[in-house]
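Visitor: Could you build all of it, start to finish, from the sequences and the hints given here?
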Amino acid sequence: MHAFYNKRLGDILVLAGLVTEQQLNWALEQQEQTYKRLGEILIEAGWVTEDDIAEARALQLDMSHVLLGDYPIDAEIVKLVPESVARTYKMVPVSGTDGRLAVAMANPLDVEAIDAAQRVTRKRIEPLLASESRIAEMLDKLYGSIGSSDITASMQEAASEADVQVKEEITDIDLGEIKRQSEEAPIVRTVSLMLQEAVKRRASDIHLEPRETHMEVRYRIDGVLHHIRNIPKSLQAAVVSRIKVMADLDIAERRLPQDGRVGLRILKRNIDLRVSTLPVNYGERVVLRVLDKSGQYYNLDQLGFSEREQKLFEELISKPYGIILVTGPTGSGKSTTLYSALLKLKSPETNIMTCEDPIEYELEGINQSAINVKAGLTFAAQLRAILRQDPDIVLVGEIRDIETADIAFRAAMTGHLVLSTLHCNDAASAITRLTDMGVEPFLISSSVIGVLAQRLVRMICPRCKAPYSPGIEELAPLGLADRYGEIEFFKGEGCGYCDGTGYKGRVGVFEVMPVGENMRRLILTKPSGTEVKELALKAGMVTMKQNAIEKLLAGITTSSEVSKKVFVGEDIE
Numbered sequence: 190m191h192a193f194y195n196k197r198l199g200d201i202l203v204l205a206g207l208v209t210e211q212q213l214n215w216a217l218e219q220q221e222q223t224y225k226r227l228g229e230i231l232i233e234a235g236w237v238t239e240d241d242i243a244e245a246r247a248l249q250l251d252m253s254h255v256l257l258g259d260y261p262i263d264a265e266i267v268k269l270v271p272e273s274v275a276r277t278y279k280m281v282p283v284s285g286t287d288g289r290l291a292v293a294m295a296n297p298l299d300v301e302a303i304d305a306a307q308r309v310t311r312k313r314i315e316p317l318l319a320s321e322s323r324i325a326e327m328l329d330k331l332y333g334s335i336g337s338s339d340i341t342a343s344m345q346e347a348a349s350e351a352d353v354q355v356k357e358e359i360t361d362i363d364l365g366e367i368k369r370q371s372e373e374a375p376i377v378r379t380v381s382l383m384l385q386e387a388v389k390r391r392a393s394d395i396h397l398e399p400r401e402t403h404m405e406v407r408y409r410i411d412g413v414l415h416h417i418r419n420i421p422k423s424l425q426a427a428v429v430s431r432i433k434v435m436a437d438l439d440i441a442e443r444r445l446p447q448d449g450r451v452g453l454r455i456l457k458r459n460i461d462l463r464v465s466t467l468p469v470n471y472g473e474r475v476v477l478r479v480l481d482k483s484g485q486y487y488n489l490d491q492l493g494f495s496e497r498e499q500k501l502f503e504e505l506i507s508k509p510y511g512i513i514l515v516t517g518p519t520g521s522g523k524s525t526t527l528y529s530a531l532l533k534l535k536s537p538e539t540n541i542m543t544c545e546d547p548i549e550y551e552l553e554g555i556n557q558s559a560i561n562v563k564a565g566l567t568f569a570a571q572l573r574a575i576l577r578q579d580p581d582i583v584l585v586g587e588i589r590d591i592e593t594a595d596i597a598f599r600a601a602m603t604g605h606l607v608l609s610t611l612h613c614n615d616a617a618s619a620i621t622r623l624t625d626m627g628v629e630p631f632l633i634s635s636s637v638i639g640v641l642a643q644r645l646v647r648m649i650c651p652r653c654k655a656p657y658s659p660g661i662e663e664l665a666p667l668g669l670a671d672r673y674g675e676i677e678f679f680k681g682e683g684c685g686y687c688d689g690t691g692y693k694g695r696v697g698v699f700e701v702m703p704v705g706e707n708m709r710r711l712i713l714t715k716p717s718g719t720e721v722k723e724l725a726l727k728a729g730m731v732t733m734k735q736n737a738i739e740k741l742l743a744g745i746t747t748s749s750e751v752s753k754k755v756f757v758g759e760d761i762e
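Residue numbers for the sequence shown follow the numbering used here, so the first one is 190 and each next one is one higher.
It cannot be assumed that every hint is accurate.
Think about it this way: if two alpha-carbon atoms lie no more than 30 Å apart in a straight line, the pair counts; the simulated DSBU-like pairs of lysine-lysine are [said to hold, decoys possible]:
| # | residue 1 | residue 2 |
| --- | --- | --- |
| 1 | K457 | K500 |
| 2 | K535 | K457 |
| 3 | K482 | K457 |
| 4 | K535 | K225 |
These aren't lab readings, by the way, just hints derived from the structure by calculation.
Computed from a predicted model, the values in this text were never measured in an experiment.
Guide: Here it is in structure tokens:
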């Protein structure tokens, strides 16, 4: 261990064989541009894990590294450190003797934290180094999920103070009383803690759904809705009103849908909430879309592309002009893919401009603009203005109508690279979708240089992943019946790290369809989607289904995810 003491973190990672000199040099260049920590850059690039960085730091500091979660911690040891101290200083008690206590810390050089722990425990603290994510997970496991007990306490306090009971007739509610209650500390705290909890659990959406006897709260995590808790019926109107006040909506209007937004700072992150209300039979249903403006950016090689697909896509985005379309349903990761492409293309010599609704993530060095329909600034109007700004590359958030399509396609014909999204099921369907929209076949043929279709599937939790032998009934719908007895699948058994779901995070499933000369000639004949797909397959296109099967066999995802998100029952092409 002493051989690594006091060496630079990057040098230790190279000596340990975790990164190459070239990767380290690239990361150091990125550090100069972004001012991020070296470890953070290497983790985002997918070359090392957070545990790798923690172990390297332990070698650098000549201290022990501990993998929290891989073994049980005695409950009596946990009681030695109060929750407030553990959470404030991000420390986890691990083991102890009569006079010593080993404590896992993300920053074992924090003298103030060590002193605080020694005061409350009256033991000599021996710091161990652990990754921040493992410490956060273990704190929740040992002391309870952050916010959960606090939210319950806030709701109980608010319910005890509530003077308003929600009646069957919404018109019976005293608006003045509801507004007063929505501004009371317990309600404000309840909503605030709920938002913190959702951000911490990586929820993309918060659903507040009124029922006959309560309001149900559900979070969408990794694309799946999870029941979180029920809010007492007596607090329903106040909670909804609090959210409406935050989003600058009309609390008196309960018969019509409303939309709004609010920007907040939650857990040191810039969060943009898109708020939508809808009158239903037991009150107003509220959905909050959670956009983390300081969210993690991805390199293309982190999205789940195979080597062949990534090479094809990078060849497409390196073209000087033409249109590249990314297709898929809402929530399939299209924006993430496009942002990753822009980060790949960004350079001091290139003017990149975007036209979005809304701006989901802020990208440094790229000129982003949002449409404003209320002010008359539509996609088409914004795109016209952008084309007068001398762009090299233009991102159009979505091609929704013929006017936007016409401008985008003519921009591609006049020397611009245009990237956009389209709602359709697969790559081949994009051509027929454009034709149905009213785009002339000659414009499609001369402008579209490639289509990328994608879905997102949940990844198996790495900490509770276990192999099993699939039965014939599971293999047959996937076209793998002939491999019965030869292959094994994997699944997550459920653990604290994945909240018992067996899944952690999502990865893309892709198909890339370059548009070559044969395809251009076919497009001029207004072909069906089947004809386009047949020609693409002859040219060597790998379908999303084939890509999904590859990820299934590699142990990245499960057969149930592939069946639900990608497969529809027929054999693989």
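Visitor: If a hint holds in the structure, say so; if it does not, say that too.
Guide: Each hint, compared with the structure:
1. K457 - K500: violated (37 Å)
2. K535 - K457: holds (27 Å)
3. K482 - K457: Distance of about 11 Å is within 30 Å: holds.
4. K535 - K225: holds (18 Å)
Violated hint: 1 only; the structure is consistent with all others.
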